[in-house]
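Once you know that position 600 of the sequence shown is 616 in this note's numbering, the rest is easy, because the numbers rise by one and skip nothing.
Hints are computed from structural coordinates only; laboratory data are not their basis.
Note that CB positions come from ideal geometry on N, CA and C, so glycine has one too.
Some hints here could point you the wrong way.
Claimed, not checked - Simulated pairs of lysine to any residue, SDA-like, Cα-Cα distance not exceeding 20 Å:
1) K381 <-> N409
2) K507 <-> T477
3) K295 <-> H312
4) K419 <-> K430
5) K381 <-> P453
6) K295 <-> D254
7) K229 <-> D264
8) K419 <-> E372
9) K367 <-> H327
10) K563 <-> S89
To be verified - Pair by pair, the computed Cβ-Cβ distance ranges are:
11) E508 <-> S458: 33 to 39 Å
12) G537 <-> I151: 43 to 49 Å
13) T545 <-> T494: 19 to 25 Å
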Amino acid sequence: MNRLYSTLIFLAVSLTTMAQGWPSSYNGVMLQGFYWDSFNDTQWTRLEKQAGDLATTFDLVWIPQSGNCGGTSMGYDDLYWFENYNSSFGNEEELRSLIKTFKEKGIGTIADVVINHRRNVSNWVDFPKETYNGITYEMVSTDICANDDGGETKKWATNNGYDLSTHNDSGEGWDGMRDLDHYSENVQTIVKAYLHMLLEDLGYAGFRYDMVKGYASKFTKLYNEDAKPQFSVGEYWDSSRAIKNWIDNSEKSSAAFDFQFKYVVRNATDKGDWTYLGKNNDNSDDNWPLVSSQFHDGSYRQYAVTFVENHDTEVRPDGSSNGPLRKDTLAANAYLLAMPGTPCVFLKHWKAYKQEIANMVAVRKAVGITNISTPQEIASQKDYYAVEVTGTNGKILAVVGTKAADYKPAGDWKKAIDGYHYAYYVSGIDPESISYPKFEPSDFQPYTITVNVNSDQVGWTDGVNFWSWGGDGSHTPTNTSWPGDKVTQTKEVGGKNWYSKQFSINDEADAVSFVFSTGSGSPQTVDVTNVTSDKFFEISSQTDGDKYLVKDVTDQYTTAVNSVKTITGTDGKIYSLDGRLLRSNGSTSGLPKGVYIINKKKFILR
17 MNRLYSTLIF LAVSLTTMAQ GWPSSYNGVM LQGFYWDSFN DTQWTRLEKQ AGDLATTFDL
77 VWIPQSGNCG GTSMGYDDLY WFENYNSSFG NEEELRSLIK TFKEKGIGTI ADVVINHRRN
137 VSNWVDFPKE TYNGITYEMV STDICANDDG GETKKWATNN GYDLSTHNDS GEGWDGMRDL
197 DHYSENVQTI VKAYLHMLLE DLGYAGFRYD MVKGYASKFT KLYNEDAKPQ FSVGEYWDSS
257 RAIKNWIDNS EKSSAAFDFQ FKYVVRNATD KGDWTYLGKN NDNSDDNWPL VSSQFHDGSY
317 RQYAVTFVEN HDTEVRPDGS SNGPLRKDTL AANAYLLAMP GTPCVFLKHW KAYKQEIANM
377 VAVRKAVGIT NISTPQEIAS QKDYYAVEVT GTNGKILAVV GTKAADYKPA GDWKKAIDGY
437 HYAYYVSGID PESISYPKFE PSDFQPYTIT VNVNSDQVGW TDGVNFWSWG GDGSHTPTNT
497 SWPGDKVTQT KEVGGKNWYS KQFSINDEAD AVSFVFSTGS GSPQTVDVTN VTSDKFFEIS
557 SQTDGDKYLV KDVTDQYTTA VNSVKTITGT DGKIYSLDGR LLRSNGSTSG LPKGVYIINK
617 KKFILR
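Just need the whole structure built from these sequences, with the hints factored in.
Here it is in structure tokens:
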């Protein structure tokens, strides 16, 4: 009886924990594994290759919505939920492999769940019919909120013989796509099945709910109690009071992003006044960060996912109230990673400061900082701010600011790490006992690619416009107004004339994408994405809608390039066209015929 009683108690506690939106005393750190247009950086295959490095520092990685959206997309115009997982980041097999590898390395994958709205197939009210596990799921016009798109959807539906739901939107409306009526039993059934598939079939560990202001918080509770994710965080972009109300109204079935945390950090860095870390965002009682040392109700720290930048705030205009972090990125992350809550690091910050961010997390975990740890303001000056946070193993004193190096803590503090405008001190543990990850330096060699375009089939004879983007962000055209840079000079290769332009590939994740056009930008081609090597493209007279298709004919013309040479011997490193080090001794023995990079120049091995 005692063993049975203990087992029942254990099960009850386990179920209670699963029903909570975020574990208490959680010491994990999350990575946002994408940013706007990170179509190359966030390829499932590329993230999987980084699993070893990511596992040294992160317990969770949040990735984009992974279903097919009908074209190039970051996932917020979601279309398919069950049948089609060929997205802009890779196919279903690659997605499953990524999640599996992450799990084997101890990383939980967080799904971006977009259920406020949904894209249509061909008109205003039709959704895809999908079959999963023998059950067919299809949303219909009556699953759309009655007041969707300010009433425009209802006008269209009435004129075309369709009915909408009788319920108005239970949250804020959004005109971009059809807002779903979560009072609909059909919507609830499909959402529940979708969430179970994400967890039980694809293997996600939890959910990041997009735009939860768009529907009543009770529905988050409904879905989480059914699916029982270990982790759930909602994007409720508002004041702290509003975020607290959402957490409460969902009966603490989900955590939420601490937007005011981001804003106070941005205030401090923008103004060069670090006392702002101890203030609320706009002198309103509503806008204390949930995890600040001045926010007295510590019960919300468990449900606070903190951050200093994300995919939305980064692309806001400078100077806007929701604007990006413009400087002191390291100090901002040092403050983030010392504070309670669950920190979420931005992918671009990780790429730029991998070793230092990893070191910060190592100190955090050695001290035992969790999402319910207690912070205390120690010093607040214009040039520096010091906060003490008590962990399960000791304490950390984080000092950030332009004169952080000048601050000398009183008491039994020992410096663990320091850097540009930040320092970490610890008490209760020996800083020499902290183990820091070491990352192997990349052997990548930057190189230049040439993109050649022939437009004979479409009769563009006065030049081709190159509109470019993607990769590390350095590929915007010189003429930043659409349609980009116009190339009028041609070169002859293989009996055809080619408009050519060169681009630098700067790191392993870099790539460049294009739209080619003529005149003022119309007509134009389809998108040509993630180019990392020399290419010969022919613009076809065939179209996809009103855009010309582009044919890759590189194999037919590569050997006609006059600037490359046959490799006869070298003492340098030999790289593939995608920047991978193949040989370090200069030997070409055993290499297949093809194009290689040596000393930043291309060579053909015949």
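Check your understanding: So which hints don't hold here, by number, going up?
Key -> none
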